[in-house]
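Protein chains: 2
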Amino acid sequence: MAKYPKIPEATIRRLSNYLKCLEDLENRNEKVSSSALLANMCNVNAAQVRKDFAYFGEFGIRGMGYNVKELKFNIKEILGINREWKIGVIGIGNMGSALLVYKDFLKQNYKIVAAFDIDPVKVIGHISERMGRPVEIFHVDRLKEVVKVREIEIGIITVPPSEAQKVANQLVDANVKGILNFSPSPVSVPKHIRLRNLFFTSALDNLIYYLSN
Amino acid sequence: MAKYPKIPEATIRRLSNYLKCLEDLENRNEKVSSSALLANMCNVNAAQVRKDFAYFGEFGIRGMGYNVKELKFNIKEILGINREWKIGVIGIGNMGSALLVYKDFLKQNYKIVAAFDIDPVKVIGHISERMGRPVEIFHVDRLKEVVKVREIEIGIITVPPSEAQKVANQLVDANVKGILNFSPSPVSVPKHIRLRNLFFTSALDNLIYYLSN
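Chains A and B, in that order, give the protein sequences.
So in the working numbering, spot 121 of the first sequence is number 115, and the numbers just go up one at a time.
So in the working numbering, spot 162 of the second sequence is number 156, and the numbers just go up one at a time.
Isolated chain A (complex conformation):
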């Protein structure tokens, strides 16, 4: 598949959303989707859908719509998620617990293979009540060792903001490839590590910008 050198960030974001909507269609046993249907499900317009897919060559057959299963496969291929990615979650409070039980991670080849906390004994009791799937919880001091043994490539930070940069440094030292930071404090990492800061306030800021303008 021909890949264009420069895909807009917004297109990459929308691909993820298309994927979610395609899964929804698959769950409803729909085999084919028009760009109009997909657009409607994803809250964009149909021209945008076609334009986004045009970056990656032709997916649909004119007048026939998209094959749901094929399109899903292609998007996963583009995003690089057609294989399993091993993840560690650091900080098992409310947010960390929510991620440990987030069923969609598994569906998407995201496997949380270890969790870390400064008080693993306490959090084992705290989360065992509500978790179906067990994830082993380690003291955060064992981060580097466990990242290596369990081949963790991505670390998710869900510690309090005051601890976020320290944990980010530990993850860098442990040689993860990417970091997703859920704490409300921005962290910095060296350029060779991929980082996403996910601030809930940003999601609201964005919503409100479009509400206000």
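Misleading hints may appear alongside valid ones.
Copies of one chain are not kept apart here, so a pair can be met inside one copy or by any two copies together.
[To be verified] Heads up, simulated DSS-like pairs for lysine-lysine below, C-alpha to C-alpha not over 30 angstroms straight-line:
hint	residue 1	residue 2
1	Lys116	Lys97
2	Lys0	Lys116
3	Lys138	Lys66
4	Lys66	Lys160
5	Lys142	Lys25
I should point out that these hints are in silico values taken from the structure, not numbers from a laboratory.
Fit chain B to the given chain A structure using the hints.
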């Protein structure tokens, strides 16, 4: 301030991130920031920072950098968050609880004025242990009435995916202006309602795209 008619979505997203970084600078008592410093904190390049701000006129003084406080004010003005926004959270499991104690909401004029659950008595016990700031919890059947009385403009959905569309419909019926959906199931709403689906898998998809390409 002159506003250009069409600001790229990615710029709007970055404005939120700049805001977080400016707060960080303010906490460290920094009065002025260069575009290079801001860029470094926000993991973008300095040219991008200057380009983003150029959409909204001149913020900085050449060679002098940006006044942190002023820039923060201007970004908030652009995003429409220089006033308080009242929010209701529906579904008080791990994720809902995490949002109720998310300190950054208050800093940003986001005020959670009510929470809703199908079992408010149970969740009161569940969250009262870990919450500093009390938020009144109502049965979800009272959503429409409470949205009106407490002037809630934005609803955040944190219920299980099977209930998400039902809650979205109830929020539309209750006349909120915007909806932020944290459940992993995409929801649809009429065009006059602003909607953001925030999927954690999308944040990972995005990270991995840039890891893989």
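(Q) Flag every earlier hint the structure violates by its number, smallest first. (A) 2, 3, 5
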